[in-house]
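Asks: Chains A and B, in that order, are what the protein sequence lines are.
Once you know that position 37 of the first sequence is 37 in the working numbering, the rest is easy, because the numbers rise by one and skip nothing.
Positions in the second sequence are counted from 1; adding 109 to them yields the working numbering.
Source of the hints: derived by calculation from the structure; they are not laboratory data.
Worth double-checking, as some hints may not be accurate.
Said to hold, decoys possible - Cβ-Cβ distance ranges computed for the label pairs, FRET-style:
hint, chain 1, residue 1, chain 2, residue 2, range
1, A, Asn57, B, Gly112, 11 to 21 Å
2, A, Thr5, B, Gly125, 11 to 21 Å
3, B, Gln166, A, Thr26, 20 to 30 Å
4, A, Glu66, B, Thr179, 37 to 47 Å
5, B, Ser193, A, Ile39, 40 to 50 Å
Here a beta-carbon is modelled for each residue, glycine too, at the ideal position from N, C-alpha and C.
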Amino acid sequence: DAKTTQPPSMDCAEGRAANLPCNHSTISGNEYVYWYRQIHSQGPQYIIHGLKNNETNEMASLIITEDRKSSTLILPHATLRDTAVYYCIVSANAGKSTFGDGTTLTVKP
Amino acid sequence: NAGVTQTPKFQVLKTGQSMTLQCAQDMNHEYMSWYRQDPGMGLRLIHYSVGAGITDQGEVPNGYNVSRSTTEDFPLRLLSAAPSQTSVYFCATTSWGGRGNEQFFGPGTRLTVL
Chain A
1 DAKTTQPPSM
11 DCAEGRAANL
21 PCNHSTISGN
31 EYVYWYRQIH
41 SQGPQYIIHG
51 LKNNETNEMA
61 SLIITEDRKS
71 STLILPHATL
81 RDTAVYYCIV
91 SANAGKSTFG
101 DGTTLTVKP
Chain B
110 NAGVTQTPKF
120 QVLKTGQSMT
130 LQCAQDMNHE
140 YMSWYRQDPG
150 MGLRLIHYSV
160 GAGITDQGEV
170 PNGYNVSRST
180 TEDFPLRLLS
190 AAPSQTSVYF
200 CATTSWGGRG
210 NEQFFGPGTR
220 LTVL
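If we strip away everything but chain B, and leave its shape as in the complex, we get (with noise of 0.2 Å):
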């Protein structure tokens, strides 16, 4: 088992580009999350999902879009890059319900945007 995937490991951007990052996981869990860490700080929640067709924003939704289609993918697409959004971006998963249940985290993508 893979666990959850992340890609790509490394992106830059110019300011205003847009583009998709991937995530991936193979457990058949039923939440999917996204964070953005930026450094020297903790994590912090922008979007997740409950299950297919169904998303929800967390803490810092503005700027990110995402759509779940199925129960393997959770992609976070930037709309319109800018230099706020390089961070560290982290998918995570867990089994039904989130209660009393571990995150599994992917390794991350390291974005920075010019």
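Bound-form chain A, shown alone (with noise of 0.2 Å):
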């Protein structure tokens, strides 16, 4: 799996668009970016994932740059209970993932 670089930390004012960039220079072109975060000690939860195009549901959208090589995500109008640990995955098979340490974003009031 290709490594993928994070901020260690970031705020977000709640309400606002929080935005995390993530860097995956060495993504492979079999290899999906997908997104999960982290609440507390809980088990990680799925956000999106994409390959080429931009995606967007529910909770998030997903940017990846033309080239792949990164991408940035983006929860519209964050909440007190976005604060989470934001994990970037680069992979080509999804249960064989490696998951570096991750951003933390804090959503203050």
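With the hints as a guide, dock the two chains, each given alone in a separate frame, to form the complex.
Replies: Laid out in structure tokens, this is it:
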């Protein structure tokens, strides 16, 4: 799996958009970009994934650059409940994922 | 549907003891994985299985055994517990092939080895 680089921490004001970046410059053509989050010590929760195109679901949007070397997860209207550790994973096989240390997002009132 | 269940939720072992962490899923997913998470760190893959009767090693397999006799169950065995195995253990499943599919995680087992 390609290695990812994420900032260790970020803050966001409640109600504002949270933009979480991820670099994956060694990504291969068959590797997807996945985002998960982990609240407290619960099991990670899937957010979104994509291959080439930008993706949107009820939780978030995923923007992947044209060269696929980086991506951004966007939480459009962050709430206090979005405070969590966010993991960006690049993998050709979802069941064999390598989790880095992620980004701790703190949403502040 | 229960999704992914793990038992026990908490466990304390003494060095040298053995035990089995249980993982069960009712989603009929072929792919199952075991991860460990040490404090302040991300998850690391221990073992995984692509279907009944098929298992393989992940990033940190030493000290652990797995087997997969049914689609539903994927137990993780600690052969001789060591303090370095103190961690939170998560089981996860994903649908066939694992490509472009989300993983579903269990709630975790918090293991302390004294």
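Asks: None of the hints should be skipped; say for each whether it holds.
Replies: Going through the hints against the structure:
Taken as a hint, the range 11 to 21 Å holds for the pair A:Asn57 and B:Gly112, whose Cβ atoms sit roughly 19 Å apart. Taking 11 to 21 Å as the suggested C-beta distance range, the pair A:Thr5 and B:Gly125 does not conform, at roughly 40 Å. A hinted range of 20 to 30 Å for the beta carbons of B:Gln166 and A:Thr26 is consistent with their spacing of about 23 Å. Taking the beta carbon of each, A:Glu66 and B:Thr179 are about 44 Å apart, inside 37 to 47 Å as hinted.
At roughly 27 Å, the beta carbons of B:Ser193 and A:Ile39 sit outside the given window of 40 to 50 Å.
Consistency with the previously given hints fails for numbers 2, 5, ordered from lowest to highest.
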